[in-house]
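Please model the complete structure; the sequences and the hints are all you need to start from.
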Amino acid sequence: MITVAVSGINAADNPGPGVGIIRALKESTLNVRTIGLAYDAMEPGIYLDHLVDKTYIMPYPSGDVKSFVERIRYIHSVEKLNVIVSTLDAELPVFMDIEQQLAREGIFMLIPTKKMFALRNKGKLKELGEAIDVKTPNYISCTSYGDLVHATQEVGFPCMIKGPFYEAFKAHNQAEADGYFNKLAAKWGFPIIAQQFVKGQEYDVIGCGDGTGQNMGLFAIKKMTTTALGKVWNAVSIKNDQLLEACNRLLEHLSWRGGFEFEVLIEEKTEDIYLLEINPRFPAWVYMSAACGINLPERMVRCLMDMEYDTHSNYSSGKIMIRYTNEILKDISDFEKISSYGELENNQRMEAS
Amino acid sequence: MQTERLKTLAISDSGFIFDPSSGDAYNTNETGIFIINLLKQGKDFNELMDNLIEEYEVSENELEADLLDYIQTLKNYHMV
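Chains as they are written, first to last, in this note's numbering: chain A, 1177 to 1529; chain B, 1039 to 1118.
Take these hints with a grain of salt, some might be off.
Stated by the list, open to error - When the alpha-carbon atoms are kept at most 25 Å apart in a straight line, the in silico DSS-like pairs for lysine-lysine are as follows:
#: 1; chain 1: A; residue 1: K1399; chain 2: B; residue 2: K1078
#: 2; chain 1: A; residue 1: K1445; chain 2: B; residue 2: K1113
#: 3; chain 1: A; residue 1: K1407; chain 2: B; residue 2: K1113
#: 4; chain 1: B; residue 1: K1078; chain 2: A; residue 2: K1415
#: 5; chain 1: A; residue 1: K1445; chain 2: B; residue 2: K1078
#: 6; chain 1: A; residue 1: K1375; chain 2: B; residue 2: K1078
#: 7; chain 1: A; residue 1: K1346; chain 2: A; residue 2: K1445
#: 8; chain 1: A; residue 1: K1311; chain 2: B; residue 2: K1081
#: 9; chain 1: B; residue 1: K1045; chain 2: A; residue 2: K1445
#: 10; chain 1: B; residue 1: K1081; chain 2: A; residue 2: K1495
I should point out that these hints are in silico values taken from the structure, not numbers from a laboratory.
Structure, rendered in structure tokens:
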């Protein structure tokens, strides 16, 4: 039995990757006990008893780091964790600091180093794009109206006005750009990014790097529909050699360690690839790769447990992912346990009923 | 005419076309499938004209305009 703790089990309208990762692990050949790390008692993953064996409420990583580490230690004392799969950008810096410490205690993680993490930062995208021979749209970070006016003069109209974390709007003139700037700043804070508009379609490649420049398999999709926040809702698997080669150049350049999502846009007219973003973790749609035969969460866990794992990228194109919403009913006592005690054991409750 | 991309397309009998490298999907009719299959066989423009005249009751002038238009559509979608 391998015990794997996974964060990001907030499978809501802007889902975290945790439930997809857990589903991939549960459907793998591994014998896995899954531990959910939740930040709120209403994260749906807590209540998915067919997937999550037990959940613990965590203190926010942006708060007191000591409390965060103590909570991990407590969970380890009960669960004897083997692996933690971190799925949230805000957690990664904390886990990077304590990874070696956790490894000494028998908890293993496959996450990027601080240097790797910094190199894929949005502000360094242009340099990274040049290093791996992939274009990037011209963009400028703005923290004031003055910056915005200067930026829109530089990138021209139409342009994309993007929030620091989510949401992007196409602005056709300065008045529209000002409106979106205000809207995004009020909702997400600064910096707001003004980016050159490139007409094309968005694609994603996901994979997992072993830290030596090699990948554990790659899987590519075209986004078919996205949510208002720009998150993938429906997707189709594709095979695009140029895209996979660009991704391999990225892995080699950074010697990437851990899961990642390579977000690009392919320009309609020229079919040139534009690098938009690199997320340092698996995305919420990661289960799709597992369902298509590239079980990246399983491969990651096998790598960490020193077990043999596949590295092939043999999957079929033309498989579509349909995300849907669903409801489950639970007793209020489940909510009581997780909100009062910070823990909910799904298996125990099932045995008792 | 470059037909490498065309050869990778998945085309169903109903005329549904899926491009596995872009993820794009299209619909074409029976005549469209006929033309695409000829292009996949490496036929040039004149051979396409001959085959289509043989298959359909159409004047050469009318066909030439329509065929050029269809090939331009394929080019716009980067299929040829």
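Comparing the hints with the structure gives:
| no. | hint | result |
| --- | --- | --- |
| 1 | A:K1399 with B:K1078 | 28 Å, violated |
| 2 | A:K1445 with B:K1113 | 11 Å, holds |
| 3 | A:K1407 with B:K1113 | 31 Å, violated |
| 4 | B:K1078 with A:K1415 | 20 Å, holds |
| 5 | A:K1445 with B:K1078 | 23 Å, holds |
| 6 | A:K1375 with B:K1078 | 29 Å, violated |
| 7 | A:K1346 with A:K1445 | 19 Å, holds |
| 8 | A:K1311 with B:K1081 | 36 Å, violated |
| 9 | B:K1045 with A:K1445 | 21 Å, holds |
| 10 | B:K1081 with A:K1495 | 31 Å, violated |
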